[in-house]
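Here's the letter readout for the chains.
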Amino acid sequence: MSAVLPNNAAPAVQESPGLWTLAWRRLRQDRVGMVCLVVVVVYLAMMVASFAGLVAGDWNKERGVSYANPSFLAGAENLEAREVTNRDGESRAKPVDLSDIDPLAPRYKEWEERAAKIAVTEVKRSETLPFGGDKWGRDVLKKAVKGAEISIFVGLTAAFFATLIGTVLGALAGYWGGRVNDFLEWFYNIFTSIPYILLILAFAAVFKRGLDTIIVILALTGWTGIYRLVRAEYIKHCGREYVKAAQAIGASHASRMFVHILPNASHVILVQLSQHVVSFIKAEVILSFLGLGVPVDLVSWGTMLAEAQNELVIGKWWQLVAAGAGMAVLVTAFSMLTDSLRDALDPKLK
Amino acid sequence: MTAYVVRRLWQMIPTLAGVILLIFFLFNWVGGDPAQVLAGKISNPEQIANIRKQLGVDQPYWYQLLVFVKQVFTFDFGRSWSTNEEVSRILMTRVGPTLTIMVPVMLIETSLSVLFAIMVAYVRGSLTDRAIMVICTTAMSISFLVYIIFGQWLFGFILGWFPVQGWSESYWKNLLTYAPLPILLAVAVGVAPQLRLYRSFFLEEINQDYVRTARAKGLPEKKVMLKHVLRNALIPILTNVGIYLPGLFVGSFLLEVFFSVPGLGREIVTAVNRSDFPVIKAVTVYLAVLTMVVNLLVDVMYKFVDPRVSFK
Amino acid sequence: MADEKNLLEVRDLRVAFRLDRHNVFEAVKGVSFDIPTHRTVALVGESGSGKSVSAMSILGLLPENAIVPADSRILYGGADLLKAPTERLRAIRGKEISVIFQEPMTSLNPVFPVGDQIGEVLRLHMGLGSRAAATRAVELLSEVGIPEPHLRMRSFPHELSGGQQQRVMIAMAIACEPKLLIADEPTTALDVTIQKQILDLIARLQERHHMSVLFITHDLGVVGEIADEVVVMQSGAIQEKGAAREIFETPRHPYTKALLACRPRLDRRPRRLPVIDDFMNGPGAVDLEERSRGVKEGDAAILEVKGLAKTFFLKEGLFGRKAVPAVKDVSFRLARGKTLGLVGESGSGKTTVGLTLMRLHDATGGEVLFDGKDLLSLSDREMMAYRRRIQIIFQNPYASLNPRFTVGNILTEPMKIHGIGADQKARVEMAFQLLARVGLPEASFYKYPHEFSGGQRQRIAIARCLTMKPDVLICDESVSALDVSVQAQVLNLLQDLQDEFGLSYIFISHDLAVVKYISDQIMVMNQGEVVEIADADEIYLNPKQDYTRKLLASIPRGWDASRAAA
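Protein chains in written order, with this note's numbering: chain A, 269 to 618; chain B, 670 to 981; chain C, 13 to 578.
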C-alpha cells in the first residue's frame, strides 16, 4: 500500500513510527520481556541447529553405561549399570555348542567377526555422561536437545495451522455475519461441545502415530479459541468508522477484510499464536507420554518423561529434570514474552 | 424463561446432529477398517470378512450412520471390542471414581483461586502481587506430568503419606485414602492458571466507573472489593467455570493413569490405545450432550448473577 | 488565610501521572481556587485542561499512577485533605462532599438495584437500618423527580433511561446532605432536553440544601446558566477566575475571550467564526460581517429523498423477529451548494438517514434521487460511479482513520480505487495539495493517524473525501467530539470548502447552535420521523411544532444579564 514517492522537492521525510515500530519500542523498554525474548530465541536457534544436525545429531548413540551418572556425580554408585554390565558378560560367555545340529553353524564365525568389527568401532562405554544417561546409556542432555527440537517444532507448526484456520474462519464469520456466521457458529459449537481433551483423544484414536499426525490433530482441534476471538475482533472493527469510511470510498470486500481490518486484528492473532505455541508444546508432551504422539524412533520431552517415571523410583532423576526443566524454562519465557507482547501491542490494556 | 429454555433445547438439535456426523466421519470414515486392527497380525481374509460382518462395517455408509444414530438414542452401543464388556456398563461404572476425584478438585480449586485472586488484586502492583504472578507463570510452565511423577514419588514412595496407587470398592475409603494425593496434585496444578485469570477479571472490574462511585461514597476499600467488585467479577468467573465443568468427566485422565483409578479418563486412554471405537464414540457423544446441557444451565444461572441478562 | 466564607480552598495543586518508567505527564500545574459556602463554582476548560483531575484530587479519587507533591494543599474544615488519613477521607466522602459523574450508566453498579445503592450511603454514614434507609431512599428518589419511586427502587440501572440514571446518582449524592457537590460533566452524555432538566434539578437542590457546587464542564453555555463563580483552565493552569458576571461581560484573558467568541451563537452568524489564534496572537475577532442563509424556490436540487425508511430486525422468541423502525418515511430536498442541517436527540434516526442514503445500510424503502438517478435501485457496480460523488465524515476522529495506514495511504487509496490521477506520482502530488488545503503540513503525508490531534484527524478525514471531488458531503456529528476552539476551526474549513468547491452538505448534529450557524435549511427529526423542515432562521424564530419549541427552549442560553441583576 505504501506510496512511491517522487523525488521532486519532497519535504524532509521523517520516518514516522508505525504502530509496530512503537510496539517494538515499548517491548524494548520491558526488561523482563527482552530477557524472555532472548531465551526464546536461544531455544529456537537450538531447534534449528538440531534440525540441521549441528548439535545432538548423535543423540541416539549409546555412549555411556546404562543409567550413566552425571559427570558431577561421578562417584555415586550405579547398581543398575553394573547389573547390565554383568548380564552383558554372561551373554558373552560361550553358549552351549550346538554346531552339530545347527544348520547355520558354519556361518557363526563369519558373523562373529562382523560383530567384532562393529564392536570395535564402538568406543568403550563411558561411566559418566555430562548430565547422565538413560537406560540404554544415551546422553540425556543430547536427548533433551533433540526432544526440544521435536516438541518446539510440533508446537510452532501446530499453532501456525490452528491460527490460520481460526483466523480465516473467524474473519469470514465476523465480516459477513448472517448465514456464513450461522454456519461457522454451528461448526464451532460442534467442536466446543466436545470437551477439548476428549476431542484430541478421539482424533488421536483414528489417526496413525506420527509427527505430521500430531500436528494435524492439534491444529484441527485447537482453532476454536482463535476463531472466537478473531470473529469478535472483526465484528468490532466492522462497526468502526474507518471501515465504514472504506466502504464509503468504495473499497472492495477483500480490501476491507484483509487490507483494512486484518492488520488491526493482527496483534490479537499474534498473541493467540504465541499462547497456542505454549499450550501445544504442553499438549504434545502429554500425548507423547501416553504413546499417542511422536513415533517410537523419535524423542520428545513427552517420551523422556514417560521413561523418567520409572527411573525416578530407582533414583535416576536426571532425565526427569532435563526434560522438565528444559520445558519449564522455555514455556515460562514464552508465556512471559506473550504477556509483554500483549502489553506492548495494546498499551491500553496494561 | 420457559420459552428461552425451549428455544435453547431446540437449537441443540443441529449441534447434536453435527457432533454425530463428526464422530461418524472420524470413526467410520477416517478411522479405516477396524477389522484389520481387531483381527491382529494372524488373520486371513475370511476372518476379516467375518469380523466386518459382525461389526456391520460391510454395510453402506448411510446404513452405518443410521445404526449409529439408533445407538445414540437407545443408549445401546453394544459391547467393547477389546473387553467385550457392555459399553453402557463401562460408562456407568467408570463415572463414579472420576467424579470422586474431580468434584473435590473443582470445588477446592475454584474457591482457592477466587480467594487468592481477590487478595492479590487487593494488593495489585505491590511486590507480593508481582512475586505471586511470577510464581504462577513458572508453576504453569512445568508439565502436569512432572508434578504427578514427582508428587507420586515424593508423597507416595519417599514420605509414604499416601498410597502410591490403588482403588477400592468403598467410596469413603477411596475418598479418604486413595483420592487425596491425586486431588492435591490436581489442585496444585490448577490453581496457578485460574488465579492469574481471575486476578485479571478483578483488575478489569476495579477499573470500572462504578468502583470510583463506590469509593466516592466513602466505602472502605475492603467493602468495595468484597461487595461491588466481587459481585461483578463473579459473572466472568461463572462463564469460566462453565467452560471447565464438562471437562470434569475426563479431566483427570492423567491422574487416573498414574494412580490406577478405574475412571472414565483412564478408560478412554485405554480405548484409544486399543482402538476400541464403541467406547470412545459413546463417551464422546454423551459428553457432548452433557456439555450442551451444562452450558444451558450456566446461561440460566446468569439470570441470577447478572440482572442485565434477559431471556428474550 | 482561612476565610470563613470559603468551604474549601485549593492551594497550588499539582498533579502528575506516571506513564512509564521514564515519562511523567503533568496534568495540573499549580492551581489555586476557592469554593465559597453556598455558591456554585464552575471549572471550565477544554479536554486536557486538567479540570476533572483537579476536582477528583479533592476526594483523593485519582488513578493509582497519580503523583501529588507535598506542597499542594486542599484545605477543608481546617485540615489538608491531601494529607488526611484514609479514615477521615472516607468519612467525608459521600457525607460531606459527594460526586456525580459524566457517565451515569457506567457509574452505577450494574448488578445492584438502585434503591440498594442509595441505601448503602445512608447505612454507611447515617447509621440507618436497612428499612429506614429504604424509606429514605424512596423519599430521595421522589425528590430528584423519579416517577413511582417505590417501584423504581427495585430497578437495576440498565432498566432506567440516561436521565433517570443521572437522577439516581444525584439522589445518592445528596442523601447525606453534603456541604459540597462535585458535578463532573454531569450532562455531557445526555440529550439537550434532559440536560436542561438535570441542570434545573441541581440548581434547585443547591438552593434547598444550601450546598456548594463545584461544576465541571467544557460548555460555557451551561456555565452561564448555573455558575456564580467561574474558573477557566487551559492545559493544567488557571487562565482566569472571577465572578460569572466578570467572566462573561468583561473577560480579561484572551483565552477566555476566545472561548466565549468561538462558540456559535443563536443570535449572530458571522461569515467566519473567530478562532483561538485571533485572540491569543491578534486583536480578537475581526471579521464580524453577517452571512445570510436560506434556500430559495428556484435553487436546483442535487439530492432528493422520497419516503426513505429503514427498519432493523431483532431476533425474538422461538423464531420470531421484532421490527424496530429507525427511520420512517423521510423526504427532503438538498439544494446544490447549500447545507441542510439535521437535528434531533439520540434515537431520532438522524444518523441512520445519513448512512442509509449513501447505502452503508440497506434501505427498507424509499428513493434517493441523485441527479435524477435513484441510488437505492442501482447495482453495486453502477453504484461505484456514484460513491465518489457522495461522501461522509464521521463523528469520532479517533475511529474514522485506519490506525495502520499512513496519511499518505489514507489519501491515495480512494484515488486508486476510483482511478483518479494518471499515476501514483500524480496522486501523491494531489494528496500534498489537499493536505495544504485543509491546513496540514506536507510532512503529515508520512505520519500515522495516532500522531495527530482530534481536530487534525478530522481535517485528514475531510481531505480523504476531497480526493474524490464529491458533490455531496454528509457530516455525521463531525464536530461534536471536538473542543469548542477546534470546532470553530473545522466549521470554518467546511464553510471555506463549500464556498470554494460549491459542495452541498447534509450536516447532522445534536448541537442546535452549531446547526443553526452552518445550515441554510434545517430538518428536525424525532423518533425516526421528520418533525419540521424550514429555513434555519425561520425555524429558530418561528418554530411551528411543539417538539421544535421544546428542543429550542432547552439550549443553554449562556450568560443572561437579567439573572445577575436578580
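To be clear, the hints were calculated from the coordinates, so they are not data collected in a lab. Errors might be hidden in some of the hints.
Label-pair ranges, simulated between beta-carbon atoms [to be verified]: (1) A:W288 <-> C:I79: 27 to 37 Å; (2) C:G377 <-> A:L312: 53 to 63 Å; (3) B:R977 <-> C:P159: 44 to 54 Å; (4) B:V764 <-> C:I79: 57 to 67 Å.
Just so you have them, the derived chain C footprint on chain B, three or more residues with Cβ under 8 Å [what the hints assert, rightly or not]: (5) 730-743; (6) 776-785; (7) 881-887.
Keep in mind it's a predicted model, so treat the numbers as computed, not measured. Ideal Cβ positions, reconstructed from N, Cα and C, are used throughout, including at glycine.
Results of checking the hints against the structure:
Roughly 31 Å separates the CB atoms of A:W288 and C:I79, a value that falls within the hinted 27 to 37 Å. Range check, C:G377 to A:L312: about 60 Å between beta-carbon atoms, so the 53 to 63 Å window is met. At roughly 22 Å, the beta-carbon separation of B:R977 and C:P159 lies outside the given 44 to 54 Å, and the hint is violated. The given range of 57 to 67 Å is respected by B:V764 and C:I79, whose C-beta atoms sit roughly 59 Å from each other.
With a threshold of 8 Å between beta carbons, the proposed coverage of the region 730-743 of chain B by chain C is violated, since 0 of its residues qualify and at least three are required. With 0 residues having a beta carbon nearer than 8 Å to a beta carbon of chain C, the region 776-785 of chain B misses the requirement of three or more and the stated coverage is violated. Taking a C-beta to C-beta cut-off of 8 Å, the region 881-887 of chain B contributes 7 residues in contact with chain C, enough for the three needed, and the coverage statement holds.
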